[in-house]
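**Q** Chain by chain, the residues:
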Amino acid sequence: MNGGSAALRTLSPAAAAAPPDRTLLLLLPAMAMLVLMFFVPMVLFFVRTFIEFQGGRAEFIALARDLLFSQPYLTALATTNWIALTVTLAVLLVGYPIAYYLTTATGPSGSIVVLAIVLPYFTSIIVRTFSWMVLLGEHGLVNDTLRAIGVISEPLPLMYNRLGVLIGMSYVLLPYMVLTLYAAMRSIDPLLLRAAEGLGASGFYTFRRVYFPLSLHGVLSGALIVYILSIGYFITPALMGGQHDIMIAMLIDRELEVAVDWPAAALMSLSLLAVTLALYAIYYRVTDVRRLIGAR
Amino acid sequence: MHRGAALPLRIYVAAACVWLLAPIVIIVILAFSGEGYLHFPPSLLSLQWFARFFGDLQWQHALLSSLVIGAIACLVSTTVGFFAAYAFLRAEFRGKKLLLSLMLTPIIVPNIITAIAMYYLAGRLGLIGNFLWLGLCHAVIAMPIVLLILLAALHAVDPNLERAALGLGGSRLRVFCRIVLPLALPGILSAALFAFLASFDELLISLFLAGVRAQTLPVRIWNSLNLQIEPTIAAVSAFLIGVTTLILMADGILRHRRGRRRQTAG
Numbered sequence: 001m002n003g004g005s006a007a008l009r010t011l012s013p014a015a016a017a018a019p020p021d022r023t024l025l026l027l028l029p030a031m032a033m034l035v036l037m038f039f040v041p042m043v044l045f046f047v048r049t050f051i052e053f054q055g056g057r058a059e060f061i062a063l064a065r066d067l068l069f070s071q072p073y074l075t076a077l078a079t080t081n082w083i084a085l086t087v088t089l090a091v092l093l094v095g096y097p098i099a100y101y102l103t104t105a106t107g108p109s110g111s112i113v114v115l116a117i118v119l120p121y122f123t124s125i126i127v128r129t130f131s132w133m134v135l136l137g138e139h140g141l142v143n144d145t146l147r148a149i150g151v152i153s154e155p156l157p158l159m160y161n162r163l164g165v166l167i168g169m170s171y172v173l174l175p176y177m178v179l180t181l182y183a184a185m186r187s188i189d190p191l192l193l194r195a196a197e198g199l200g201a202s203g204f205y206t207f208r209r210v211y212f213p214l215s216l217h218g219v220l221s222g223a224l225i226v227y228i229l230s231i232g233y234f235i236t237p238a239l240m241g242g243q244h245d246i247m248i249a250m251l252i253d254r255e256l257e258v259a260v261d262w263p264a265a266a267l268m269s270l271s272l273l274a275v276t277l278a279l280y281a282i283y284y285r286v287t288d289v290r291r292l293i294g295a296r
Numbered sequence: 001m002h003r004g005a006a007l008p009l010r011i012y013v014a015a016a017c018v019w020l021l022a023p024i025v026i027i028v029i030l031a032f033s034g035e036g037y038l039h040f041p042p043s044l045l046s047l048q049w050f051a052r053f054f055g056d057l058q059w060q061h062a063l064l065s066s067l068v069i070g071a072i073a074c075l076v077s078t079t080v081g082f083f084a085a086y087a088f089l090r091a092e093f094r095g096k097k098l099l100l101s102l103m104l105t106p107i108i109v110p111n112i113i114t115a116i117a118m119y120y121l122a123g124r125l126g127l128i129g130n131f132l133w134l135g136l137c138h139a140v141i142a143m144p145i146v147l148l149i150l151l152a153a154l155h156a157v158d159p160n161l162e163r164a165a166l167g168l169g170g171s172r173l174r175v176f177c178r179i180v181l182p183l184a185l186p187g188i189l190s191a192a193l194f195a196f197l198a199s200f201d202e203l204l205i206s207l208f209l210a211g212v213r214a215q216t217l218p219v220r221i222w223n224s225l226n227l228q229i230e231p232t233i234a235a236v237s238a239f240l241i242g243v244t245t246l247i248l249m250a251d252g253i254l255r256h257r258r259g260r261r262r263q264t265a266g
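Just so you know, the sequences run in chain order A and B. Each residue of the first sequence is one higher than the one before, counting from 1 in the working numbering. Each residue of the second sequence is one higher than the one before, counting from 1 in the working numbering.
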């Protein structure tokens with residue numbers, strides 16, 4: 001332990017002023033694991049793939065250009081962003097009132113709502129997706145019920161299309177939004193609302209001019225995290241989508257599994273990673289990263 | 001403002017809760033179906049699909065793989081994550097927030113990219129299908145969750161207790177084992193539970209790295225879903241939901257303890 005802190009002292013320029021804190025050494029195992037098993041594989045995957053590319057630099061640039069302007073890629077890009085935007089908007093609209101309710105609820109009704117958010121949140125994504133496949137299938141519960149009460153005569157196409165993807169993804173991502181919004185709303189002082197009310201503001205006016213602006217921070221954080229998670233989504237769209245719902249992550253997987261084209265997969269991954277990290281940088285700016293999974 | 005909105009809001013939230021819980025409840029009910037296909041509501045109840053799940057050698061193997069890999073991931077990520085969380089709370093250094101956000105990137109980076117990168121390395125090293133390696137890869141995904149849970153949980157542990165023990169002549173190691181660990185234990189156990197769950201439910205990394213030997217439950221579900229939907233999956237799903245429920249209940253108890261301890265600590 002002493003040898004380690006001596007090494008740290010020589011490494012850190014700030015250590016000359018303050019005595020080095022040996023507690024810092026406790027960070028090393030986690031950092032070593034992350035570097036060796038996360039960052040190194042990532043860099044290796046990109047660098048080695050590009051180095052091992054057969055051909056010159058001009059050919060590589062031509063390949064990248066062809067790929068990133070190819071019809072499947074552009075279509076997947078548009079699909080991905082469209083789905084991510086719609087899902088973000090949907091879970092925001094659905095989740096906002098729930099989060100607000102949580103800040104006012106006490107007792108058993110509040111606990112039930114928390115359970116309804118947390119139980120799906122920690123249930124395996126594949127299980128949640130499977131449940132929706134059973135519900136939305138041609139002979140699923142929704143279609144059977146609608147047919148039984150005579151609303152429809154033919155089963156509605158609820159799955160293997162865009163609608164199925166949107167329902168499945170919104171279901172999986174709603175808890176992130178609700179927990180983020182709840183964290184932000186909890187810190188809004190209820191006295192402000194009462195003050196607005198006391199000054200004669202209507203309920204809607206108070207909401208529009210006082211409550212909503214104060215919750216905007218949570219809206220932004222929640223929207224960012226849901227959007228970030230949406231654009232990299234794979235499992236739910238792969239199982240519930242149709243042939244017109246290919247998202248970037250599925251295209252990457254297809255390049256590897258079907259075409260075994262490592263350079264193409266690496267290029268697409270790099271573009272997706274760059275966008276994700278850029279959005280994460282904004283998230284880092286606007287919010288407390290410790291709220292990432294809604295841990296209280 | 002909540003005066004006028006209360007009733008419609010309550011109805012809306014109740015409807016949303018039904019929407020959130022329905023898929024889970026329905027799958028659990030379907031798992032007990034006595035029929036030959038997935039039909040709701042089942043006219044017969046039986047344990048046939050559970051019997052098939054627990055009696056099938058391949059499913060047994062998948063369950064065992066999931067448990068072993070989950071245990072490795074849980075042990076490694078909780079240990080490593082606890083040390084890191086402790087350092088984050090007790091040490092003062094520049095760039096703390098930036099370092100933390102870097103250590104959380106495994107949550108943010110799309111799982112498909114993480115999985116491919118890990119697959120690339122494992123392929124080179126000949127570690128595809130290796131239980132220990134897959135467990136370590138899962139630990140990378142679980143560590144940020146451990147870190148976040150412990151940062152919240154350990155926040156309430158008073159650093160003055162450690163200072164007092166050190167001042168009374170306790171060695172660092174002794175104070176750590178006798179003061180820090182016992183006080184942090186409920187939080188550590190919570191974090192360990194969620195670390196296990198993160199690995200137990202993980203699909204994409206397992207899908208790429210499992211090979212044929214280390215196929216976990218989610219991988220087997222995925223493979224079956226891509227072929228045809230068979231009712232055994234409902235039983236497996238119900239089992240996974242059961243594990244999640246148990247872990248959430250255990251966490252609730254631990255949280256309760258933590259709250260009580262905080263009160264007695266002052």
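Where hints are given, some of them may not hold.
[Unchecked claim] Which stretches of chain B does chain A cover? Using the computed rule of at least three CB atoms under 8 Å from a CB of chain A, they are: (1) 21-27; (2) 115-122; (3) 174-185.
Simulated from the structure, these hints should not be mistaken for lab results. Just so you know, even glycine gets a beta-carbon here, dropped at the ideal spot from N, CA and C.
**Q** Can you take a look at whether the region 115-122 of chain B is actually covered by chain A? Rule is 3+ residues, C-beta closer than 8 Å.
**A** This one holds; 5 residues, not fewer than the three required, reach chain A with a Cβ under 8 Å.
**Q** Using C-beta distances, would you say chain A covers the region 174-185 of chain B, given that this needs three or more residues below 8 Å?
**A** Since three or more residues must qualify, the claim that chain A covers the region 174-185 of chain B is violated, with 0 doing so at under 8 Å.
**Q** Count residues of the region 21-27 of chain B with a Cβ under 8 Å from any Cβ of chain A, then say if the count reaches three.
**A** With 6 residues closer than 8 Å to chain A, the region 21-27 of chain B meets the three-residue bar; holds.
Of the numbered hints stated above, the single one contradicted by the structure is hint 3.
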